[in-house]
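J.: The residues making up each chain are set out below.
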Amino acid sequence: KAGVTQTPRYLIKTRGQQVTLSCSPISGHRSVSWYQQTPGQGLQFLFEYFSETQRNKGNFPGRFSGRQFSNSRSEMNVSTLELGDSALYLCASTEGQDYGYTFGSGTRLTVV
Amino acid sequence: GESVGLHLPTLSVQEGDNSIINCAYSNSASDYFIWYKQESGKGPQFIIDIRSNMDKRQGQRVTVLLNKTVKHLSLQIAATQPGDSAVYFCAENNLRATNKLIFGTGTLLAVQP
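So the sequences go chain by chain: B and H.
Under my numbering, the first sequence has 109 at position 104, and the numbering climbs by one with no breaks.
Under my numbering, the second sequence has 301 at position 91, and the numbering climbs by one with no breaks.
Just chain H, same shape as in the assembly:
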């Protein structure tokens, strides 16, 4: 039969607004987290990472927040631009056990001009 595609949550924002993309991760032993941006026809592009000994990390226009208590990760993008339109994935890794990334299902960010 037909395969059912993953239903990607969509976040639609106006250009210039701030965006917040959320992610619930699965493994309480995960100690390293990465946000990736994937544009159509391209591979995932590294945005920012955070280790479990931190709860916040800032980059250029982006901030990642980590709440280990509820296993939640968020990506904040300031002054969202049309070029930010893409699918955003969070990924987790347990550096002490394995060297593989476990990806979330992704969020489609649509920036309206």
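So here's chain B without its partners, still in its complex pose:
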């Protein structure tokens, strides 16, 4: 079974730009979650999608948004990028919330 695939692996953007990150979950997994990992804050929950609906949202500003498609693939978007948005963005999928979450390798976003 293929794992969780995130693209791109690395991204460099300028302040004020916007960015879209992509996540393809494990086949059959309908729940996709996004996390931000930084040295200062650790791993923090962004949002979770299930069957194209956002079920949970973390404490991030409205500049962070996401969506899920009918094939369970998910994208997250960050608008008006700030230097503090530089982070590793991780996507995780699960077939059920008590079955464990499988993470992708992440997208390393650098805002300059």
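Treat the hints with care, since some could be wrong.
Here are some, though not all, of the chain B residues that point toward chain H, as calculated from beta-carbon distances under 10 Å [what the hints assert, rightly or not]:
hint, residue
1, Phe55
2, Lys62
3, Gly63
4, Phe65
5, Phe69
6, Thr99
7, Gly105
8, Thr107
9, Gly111
10, Arg113
Distance condition first, Cα-Cα at most 20 Å in a straight line; then the derived SDA-like pairs of lysine to any residue [what the hints assert, rightly or not]:
hint, chain 1, residue 1, chain 2, residue 2
11, B, Lys62, H, Ala239
12, B, Lys62, B, Thr25
13, H, Lys252, B, Thr115
14, H, Lys252, B, Gln49
FRET-style restraints, in silico, Cβ to Cβ [said to hold, decoys possible]:
hint, chain 1, residue 1, chain 2, residue 2, range
15, B, Gly101, H, His282, 35 to 41 Å
16, B, Gln59, H, Ser250, 29 to 35 Å
17, H, Ala289, B, Ile17, 39 to 45 Å
18, B, Leu16, H, Arg267, 36 to 42 Å
19, H, Leu305, B, Arg113, 29 to 35 Å
20, H, Thr279, B, Glu87, 38 to 44 Å
21, B, Thr25, H, Arg271, 37 to 43 Å
22, H, Asn237, B, Gln59, 20 to 26 Å
23, B, Gln23, H, Leu221, 23 to 29 Å
24, H, Arg261, B, Arg60, 19 to 25 Å
25, B, Gly21, H, Gly269, 29 to 35 Å
26, B, Arg60, H, Glu225, 39 to 45 Å
27, B, Gly21, H, Arg267, 44 to 50 Å
Just so you know, these hints were derived from the structure itself, not from any lab.
For glycine and all other residues, C-beta sits at the position ideal for the given N, C-alpha and C.
Following the hints, put chain H in place on chain B, whose structure we already have.
T.: Structure of chain H alone, referenced to chain B:
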């Protein structure tokens, strides 16, 4: 100003020794717990999980212990190997309320050959 990084506790062990990594979780309503291993440049890798109706679960070379009274979780790794060197995170979830993992700050395990 500069951001201050999280200070990662470090556990240094000799190859072949047993390792114990501890975690204090925050929410007494959490009922599902997972240990993850994260190597440099990679995403967190699932190691083992435990539900709140259990106090111990064993996997291959790993054991997780859960003490709900004091909200404490531990991961024991038997016969630690150099390949076990990584950052280990505990994560908690409240399955009845939300579907989001709350992660601990992590522990860096350094295995000396």
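J.: Next, verify each hint and record whether it holds.
T.: Each hint, compared with the structure:
1. Phe55: At about 8 Å, which falls below the 10 Å cut-off, the nearest Cβ of chain H leaves the hint on Phe55(B) intact, so it holds.
2. Lys62: Lys62(B) check passes; min Cβ-Cβ to chain H is 9 Å, inside 10 Å.
3. Gly63: With a closest approach of 7 Å, the Gly63(B) hint holds.
4. Phe65: Cβ of Phe65(B) sits 12 Å from chain H, so the hint is violated.
5. Phe69: 14 Å, violated
6. Thr99: This hint holds: Thr99(B) lies near chain H, its Cβ roughly 8 Å from the closest one there, short of 10 Å.
7. Gly105: Constraint on Gly105(B) satisfied, holds at 5 Å.
8. Thr107: 6 Å, holds
9. Gly111: OK, holds: Gly111(B) within 10 Å of chain H, min 5 Å.
10. Arg113: Interface hint status for Arg113(B): holds (9 Å vs cutoff 10 Å).
11. Lys62(B) with Ala239(H): Roughly 19 Å separates the two Cα atoms, so the pair holds.
12. Lys62(B) with Thr25(B): OK: Lys62(B) and Thr25(B) at ~18 Å, within 20 Å.
13. Lys252(H) with Thr115(B): Holds. Lys252(H) to Thr115(B) sits at ~17 Å (cutoff 20 Å).
14. Lys252(H) with Gln49(B): Satisfied, since the Cα-Cα distance of roughly 16 Å is no more than 20 Å.
15. Gly101(B) with His282(H): 35 to 41 Å: 26 Å, violated
16. Gln59(B) with Ser250(H): 29 to 35 Å: Distance hint for Gln59(B), Ser250(H) holds at roughly 32 Å.
17. Ala289(H) with Ile17(B): 39 to 45 Å: 42 Å, holds
18. Leu16(B) with Arg267(H): 36 to 42 Å: Hint holds: Cβ distance 38 Å, inside 36 to 42 Å.
19. Leu305(H) with Arg113(B): 29 to 35 Å: At roughly 31 Å between Cβ atoms, Arg113(B) and Leu305(H) fall inside 29 to 35 Å, so the hint holds.
20. Thr279(H) with Glu87(B): 38 to 44 Å: 42 Å, holds
21. Thr25(B) with Arg271(H): 37 to 43 Å: 40 Å, holds
22. Asn237(H) with Gln59(B): 20 to 26 Å: Holds, since Asn237(H) and Gln59(B) (Cβ atoms, about 22 Å apart) stay within the stated range.
23. Gln23(B) with Leu221(H): 23 to 29 Å: 41 Å, violated
24. Arg261(H) with Arg60(B): 19 to 25 Å: Given range 19 to 25 Å: holds, Cβ gap about 21 Å.
25. Gly21(B) with Gly269(H): 29 to 35 Å: 47 Å, violated
26. Arg60(B) with Glu225(H): 39 to 45 Å: 44 Å, holds
27. Gly21(B) with Arg267(H): 44 to 50 Å: 48 Å, holds
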